[in-house]
Each structure stands twice: as C-alpha cells, then as structure tokens.
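Listed below, chain by chain, are the residues.
Protein chains: 2
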Amino acid sequence: MTTRTEETGPSGAAYNAFLAVCPSLMLLDRLANKWVVLVLCALGGDAEKAPDVPAAPTALRYSELARLLSGVSQKMLTQTLRSLERDGLLTRTVVPTVPVTVTYELTDLGLSLLGVVRRLREWAQSHMDDVLAHREKYDARA
Amino acid sequence: MTTRTEETGPSGAAYNAFLAVCPSLMLLDRLANKWVVLVLCALGGDAEKAPDVPAAPTALRYSELARLLSGVSQKMLTQTLRSLERDGLLTRTVVPTVPVTVTYELTDLGLSLLGVVRRLREWAQSHMDDVLAHREKYDARA
DNA sequence: CGGAATCCTAACCGATACTG
DNA sequence: CAGTATCGGTTAGGATTCCG
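In order, the protein sequences belong to chains A and B.
For the first sequence, the positions run 7 to 148 when our numbering is used.
For the second sequence, the positions run 7 to 148 when our numbering is used.
Just so you know, the hints here were simulated from the structure itself, not pulled from any lab data.
It cannot be assumed that every hint is accurate.
Selected chain A positions facing chain B (in silico; Cβ < 10 Å) [stated by the list, open to error]:
#1 Leu34
#2 Glu54
#3 Val123
#4 Leu126
#5 Glu128
#6 Asp145
Here chain B is said to cover these stretches of chain A; the calculated rule only asks that three of the stretch's residues, wherever they fall, bring their Cβ under 8 Å from a Cβ of chain B [stated by the list, open to error]:
#7 36–45
#8 73–83
Listed next, the in silico DSS-like pairs over lysine-lysine satisfying Cα-Cα at most 30 Å (straight line) [unchecked claim]:
#9 B:Lys81 x A:Lys143
#10 A:Lys55 x A:Lys81
#11 B:Lys143 x A:Lys81
#12 B:Lys55 x B:Lys81
Ideal Cβ positions, reconstructed from N, Cα and C, are used throughout, including at glycine.
Let's have the full structure, built from the sequences with the hints guiding it.
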C-alpha cells in the first residue's frame, strides 16, 4: 500500500483524485490532455470519417497519426504515445521491414478509456457554438 | 462563419477537433485539464461523499472549493473558475455580506459537461491499479 | 520511416505580498 | 473572505539536426 487514501483492501475504489497526495490525481493529469484525447480517438477510428460511419477501432502507423493530428509536433506525438504505452493503454508493434513500420493499437484498457474521451471530444465539438456565444457576452460586459 | 471546418450551415456538427485550425481543438485543450475536471466534479457534488451517496450538484463557495481541491493554488483556482465562467459552464454569484460571500454553481451547460468529466475521474480512480501494474512491467523491461 | 538528442523560448504555475 | 498583482523557477513544447 503506497499512497492509497484509505485501507479498504486490495479491491480498488480507494483512490480519490481530490487528494493532492493520491496517485489518481497524477493519472488524471496525464489523461486530461488534448493529445491523449486525440490519439485515443484517432486509434478509435473517429478521425476522417463521414458522420454516419460507425468509427471502429483500428491500428495506425506513426505517420498516419501524425497526419490525422494535424497540429501535433513529432516530439509531442512520440511523448504521448510513450506514456500511453507505458500505462498500458496501447501497444506498439515494430514490423522489421525496411524502412521500419511501427503500428499503434488500443488495448482493452485503452478501449475502455476511449469510451470516455470520445464523449469529451464530441462534447467540445457539439457545444462549441454555445461556448463561443457565452464568451462574446462575457467579454462584452467587461 | 469564422473558422469552421466545412460549410454545412448554421446547425452545428461542423467542428473537427482533429484540425489544427479548428476552435474546438482549443476548447478541448481547455476542458482536458486536471483542475477543470476537479472543479466540475466538486460542483457536481462528487467530493467528500460516502460511496453510496448519490452526489447531487451543489453551489460552493470559493473557500470550500479551495479546501476540496487540496492541491490547487489560489491562482490556478481563480484562473480555472474565470475561464469556466467565461465559457458559460458555471455562474459566479457575489453576495454583498461583509466580508463578501462568493458562490459558484454549474449552469445547464456545465451540468451536461459534468456527465462527461465525472466519468473521466471515475475511470482514473477505478483503473489506477491496472495502470500502475503496466507501468511497473514497462519500467522493468527497459 | 520512425524516431532520439539538443537547444531554446514561451507559458505555466507556485509563492508571496497587497486590497476591498 | 475572495480575490489581484508581481516575481521568478520550472517546464512544456516547437524547431532543428542526426541516426538505424
């Protein structure tokens, strides 16, 4: 038991992200990240789809991810992929062709998180107009 | 039509967070933030509850928020609250007692986002052990 | 192709002090 | 109580170069 919040046994539910000392706060910090959300959504098949296509999870190459996330630098992309691999959310597969081919694919754990972050991206897109309207009003009365 | 991705009319769904030029990417950057998640969850009533309490949304004072988010600095808290107010996710109410009392409460828009970020925090807490286990394995083989 | 390594700047963010 | 203002350290993160 390293830094749990309580001693309720090994059956989980003992973490509390509100506590500064709890590791789940650091995890939340990792997950609540623009590039993490977009990488997961890309591997979930959400990018470049017609609105009616079901968006099935798929393996993607490094260069494909770099293209789909149009604003990302290779440094941020690599860094994000490494941390997600370390946390067990995706797998990195090197195919020794020449030149090398590297593919990334969501694990079951990553798929379970995909369901959450996908809704976050959808929310951002679908409520963009509301937010923009509120901002205008807020900035106007200042 | 400022920076939409397509011209599909004024009925929304035209934003695409994968595009670097799209404002929804910036919005996602705002929302995908540790303190945003925790402030919303706190105002959603998720903090300091017994596991079986339903967690109903509630108005909170500045000092209460500061106490619930144990690791936050007043600067980050104020900054987070301001941006959320500007985006129309919460309301700031000043009661002219002496000394002043300021309460924050989620708007309907904020409540709809609460449903999303709440799941993100829950995921982080409930899958903490899985992630920790993967990290150990990853670090061991390096 | 898929990175790693280096440099460098901008921003984030905490600590402190002050205000209505 | 609920902030604002300022300062300064740390880091995020872009640009560039090089490697297997």
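Consistency of the hints with the structure:
Because the smallest distance between the Cβ of A:Leu34 and any Cβ of chain B comes to about 4 Å, under 10 Å, the interface hint for this residue holds. Interface restraint check for A:Glu54: the shortest CB-CB distance to chain B comes to about 8 Å, inside 10 Å, so the restraint holds. Checking A:Val123 against chain B: minimum C-beta separation of about 7 Å stays under 10 Å; hint holds. For A:Leu126, the interface hint holds, the least distance from its beta-carbon to any beta-carbon of chain B being 5 Å, beneath 10 Å.
Residue-level restraint check for A:Glu128 holds (minimum Cβ-Cβ distance to chain B is 9 Å; threshold 10 Å). Against a cut-off of 10 Å between C-beta atoms, the interface hint on A:Asp145 holds, since the closest Cβ of chain B lies about 8 Å away. Given as covered by chain B, the segment 36–45 of chain A passes the check, having 7 residues with a CB less than 8 Å from a CB of that chain where 3 are the minimum. Counting residues of the segment 73–83 of chain A whose C-beta sits closer than 8 Å to any C-beta of chain B gives 4, which meets the bar of three, so the coverage hint holds.
A threshold of 30 Å between alpha carbons decides the hint, and for B:Lys81 with A:Lys143 the separation of about 24 Å falls inside it, so the pair holds. This hinted pair checks out: A:Lys55 and A:Lys81 have alpha carbons roughly 26 Å apart, not beyond 30 Å. For the given pair, B:Lys143 sits about 24 Å from A:Lys81 by alpha-carbon distance, which is consistent with the 30 Å threshold. Using a Cα cut-off of 30 Å, the hinted pair B:Lys55 and B:Lys81 holds, with the two alpha carbons roughly 26 Å apart.
Checked against the numbered hints above, the structure violates none of them.
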